[in-house]
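Since the structure of chain F is provided, determine the placement of chains Y and D on it from the hints.
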Amino acid sequence: MEYIVEMLNIRKEFPGVVACDDITLQLKKGEIHALLGENGAGKSTLMNILFGLYQPDRGKILVRGQEINISNPNIANDLGIGMVHQHFKLVHNFTVTENIILGYETTKGLVVDIKTASEKIRLLSEQYGLNVDPEAIISNVSVGMQQRVEILKMLYRDAEVLIFDEPTAVLTPQEIEELMKIMKNLIQEGKSIILITHKLKEIKAIADRCTVIRRGQLIGTVNVKDTSQEKMAEMMVGRKVSFRVAKERKEPGSLVLNIKNISVKNPIGVLALKNFSLEVRCGEIVGVAGVDGNGQAELVKALIGLVKVETGDIELKGKSLLNDSIRNRIDQGVAYIPEDRHAYGLILDYNLEENLVLKLYYQEPYSKKGILQKDIISEHGQRVIEHFDIRAGEGSTTIARALSGGNQQKVILGREIDRNPDLLIAVQPTRGLDVGAIEYIHKRLIEQRDKGKAVLLISLELDEILNLSDRIAVINNGELVGLVDGEMANENEIGLMMAGIKRGESDE
Amino acid sequence: MFKKRIALFLVLFFVLGTLAGCGGDKAPSEQKNDLKVGMVTDAGTIDDKSFNQGTWEGVVKAAEDFNLDTRYLKPSGTTEADYLREIGNLYDAGYKFVVCPGFKFETAIYEAQNRYEDGKYVIIDGSPVDPDGNAVVKENTVAVYFAEEQSGFLAGLATALQLKEGELGYIGGMEIPPVQKYNWGFQQGVQYANENYGTNLTMKAENVIYQGSFDNVAAGQQLAAQMFDKDVRAIFVAAGSVGIGSINEAKARMGNGEEAWIIGVDVDQYAEGIYEGDKSAVLTSAMKYIDTATYDLIKAELEGNFPGGETLVFDAANNGVGIPRENPNLDDEVEAIVADVYTKLQSGELVVSNERGDLLR
Amino acid sequence: MKAMNKKVYILSFVAVILGLIAGAFFMLVTNNNPLDGYYYLFRGGLMNIERFGNTLATATTLVFTGLSVAFAFRTGLFNIGASGQMLMGGLWATAIALTFQWPKPILLTVIIIGAALSGGLWGGISGWLKGRFNVNEVVSTIMLNWTAYWTIYYVIPKYFKGAFLETESRRIPQEASLRVEWLSSLFNGSYINLGFFLAIIVTIIIAFILNKTTLGYELKAVGFNRLAAEAAGINVQRNIMLSMMISGALAGLGGAVFYVGYASNMQIGVLPAQGFDGIAVSLLGANSPFGVFVAALFFGLLHSGKGFMSAMTSIPPEIADTIIATIIYFAATSILIEKLWDRFRRKGGRE
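Protein chains in written order, with this note's numbering: chain F, 233 to 740; chain Y, 7 to 367; chain D, 91 to 441.
Okay, chain F solo, but in the shape it has when bound (with noise of 0.2 Å):
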């Protein structure tokens, strides 16, 4: 079998970091190709530079058999390599047709000729089984829907090669296995692919090898075959893990969060939640399984009081909270792990200890009359450090940037946690963390749930949800689909409710 692309001896090396170290990649015609590693280990990199967008510092790299310098993306089109972005890059007022053949028009005359083009597309759509209506407007089709567009886009342009970024990372579980057989028929249709995930369960179940890299190190490229998938995650990680978090059954208490029918705008003004209801106890972890978009960000926006609640109300303890500012919801109780660290967590320019007070630093004894108490500050950043293992270089006085992004997380877990909130919000906690820190995340968020707290879970990963919740409430289109209960649940069903249909209508 002979290799359609070969990266070889791949080294990259950006100011201060090595991105890639003698990373070589072979992928052989016909294969599903997984290249798993966490973030930053270097997965985007390489396809970059395979892609044209980066230079390679040492290495090269063969297309069929052939070397060849790859100095900008037309290069690796030409070449017939095609990559499906993780964020798609599509006209949303565009019909599919127009979106597909945008930079690559085929003319009669003067006038593009749309027609000819909707019909190749209809026919590789058939060929493919992709069931793409060549006419319809982006903006009206699903995000599924979208993806296959995009893959479409690569076809129309004589792709062999298609690398997929992350390409599960915005589907419901239907979706993602409709995506599989997808790619099952291109490797039918002769194409090659390379799978970019750190999902190891989707690997198991469609790619044929895997290059597994770490810190911009090769680990090594086995069979999928095989392997398991506690074997990969060792290669990826660098030392074992343990996926399932221990919990107990536990009993909830009385009610702290009650949310009361609420509807909430987005920032264009169009309703992004509708009616929602939803209860969360002490003593449990409500998780709230969705679709990126669905109404998750203005319901925690609404929660913590960044946005207005147009109907409804939010309780607290049997006391409504929405005339409260932030800070005095802060005071009551609530605690608030927002999913883009970097811009709602951390003062990044502050220091450790600095931004372990952003939450205290108006009450005494961190200040007295206005006058900050840096002796006060100073040891509840080293308590706190101390306490949830937070490492950084310069102990409390480290500046929050130079942090790791588990660290970073374990900073604000650690703020919110230490206050002894009544009801944790946690969005996407672990996002972009590497497996070691997930499983801390996990394990505080769990220990917070036996401590009698509140949690609430918001996140797009279904198996967080599943592995923590005891119960799960599934938000689709901004409306609560349903709630399931954790120990009950399993992933086909929550899978349909992320789409939207409701318990029981499935057999519709």
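Hints may contain errors.
Non-contacting residues of chain Y with respect to chain D, defined by C-beta distances greater than 10 Å in every case (computed) [to be verified]:
{"id": "1", "residue": "G83"}
{"id": "2", "residue": "R121"}
{"id": "3", "residue": "L336"}
Residues from chain D that face chain F, not an exhaustive set, calculated with beta carbons under 7 Å [said to hold, decoys possible]:
{"id": "4", "residue": "G166"}
{"id": "5", "residue": "W218"}
{"id": "6", "residue": "K302"}
{"id": "7", "residue": "T303"}
{"id": "8", "residue": "L317"}
Hint data in this document are derived by calculation from the structure and do not stem from the laboratory.
Keep in mind that this is a model prediction, so the values were computed, not measured.
Heads up, the beta-carbon is just placed ideally off N, CA and C, and yes, glycines get one too.
Just chains Y and D, lined up with the frame of chain F:
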């Protein structure tokens, strides 16, 4: 800040351009005269086509004729302290004959004539003023004034005679006495032509404007454009760089075949108005011979008869004001009439008022 | 944090040295010896007690405008309107000084507090617009600069006109001036005034506010990361407004010390350059109060010695201005130098 940056880049280009030919050639130094003459500029640059430049040209001419060391300094601000500091710098560096153009130097010169007693000072368009507001011209200082109203009068007369009929406008800088006197003199000149030579020119109150600064080039252009759009045929500008903006507007219009005349101020601005070949949009200029005055005072100092303590007024009688000697845009008969009226001013037969009376603004 | 500060100061120092080298280049191409040039430049600002006093007096205003810009910077705001705030502060100071004949201590206290308030009000308008309607403060402060400019243009000639000059106010009487006899004579007739001591006190107060108080903590948090500050319950709008008010008040004080201290009256038609120089002072001083103070002294020295350099060498004033601008330019780009420095250090560390 931004201006400074632009200046930096300009100088960089200039420097790089001249670097090649830079061989360090210096004029063979002859026996230098002991007198060193310094000048402090008013707000604005040394090549402002106006006050600073006129003064400096007088200094340079004297330096050539009598082989003097000269230097000018640019203050970093416009306060008395800024001015006095530069006067002090010149004094400390041995430039003990200091010329300062502009009324803004009044208090600084007052301080200087006391503080640096053995220096000599010339202040143009102003007198040394003590803290209580009284003019005190000491023995080491000469205050120089010009009869701007006469200069404006002659320019107004020439304009009227040349254009015969139509609408005229005026753009001043700040509303300060010299600028006002130009305006009033100009209006009297136009009236004089209307009454004695049968011309028919008018000025409307809305077309007599003081822009409020001497440095806003863009505003000068806009004001001129508005006036020209209202069928004003010629504008007298007494406004420093504001006037340069007006001239630019006139040049553009003349280039398009429209009629748009400017009457320049202080110095002969004919060259400023050239828009094509040697055709200029500047009809004539109301001049005051700052360069001659400066030259004469330096010369007087060298000859030992510096008129210290005096307040001098330069007017037609001592050829201190007038219109340019050559006016390509004026007909010969117009120039002849102006020359004739000039003699009447010199003799005192004709008097131009330096007050507003019932004139516009 | 300490190590960080040290680095910033080193960078500023490097920036100054580079600026001086670049300036030397201009002296060389105009056939002047840079050593002579710099000798006279610094001598011009320092050669006797009077000139030293004038250097301090020149620096005084820059301390205030520098602090003003730096303070806003710390809250993530770019106050380009220090000139206008200076004018409003100066207008108040001039108006009080020319209207009332109170005993000097009372008069000066009223002048100083009032100037801070009116500058603060002027800056506060921009802060309010930003906080309430998200109007970019750069735009609003520039526009308010001109509003102030034309306000002065109207008010001074109308109500405080000098004896025969239309373009400036009456002279500030000795009793209302920040210039005091003992200080002037101590510095041999220099323009140094009580404003210099005020500058020292205010620098210390601002450093205290920024580093030791909850107010400073909040302001800086908003400056570094508005979203996180808001999510942590800090009232962002209030802080933006407060920051602009304090920034404006500092510039207003600058106006007071300039118009009733350094200058002897208020002129119309001038937008004080000190407001814009404040931006460079703030950058060179790394936005820290004491850094700003030192940077202002340095700028004061440059402005003050420039003329003497021109007088003693054949460096024309335009080139002298260019040299000063070059030094300022380099100083202001110390952020760029920081990047190069980091890269250099990383490379150095590796090999």
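Comparing the hints with the structure gives:
no.	hint	in the structure
1	G83	violated (7 Å)
2	R121	violated (7 Å)
3	L336	holds (33 Å)
4	G166	violated (11 Å)
5	W218	violated (19 Å)
6	K302	holds (6 Å)
7	T303	holds (5 Å)
8	L317	holds (5 Å)
Of the hints listed earlier, those the structure fails to meet are numbers 1, 2, 4 and 5, in rising order.
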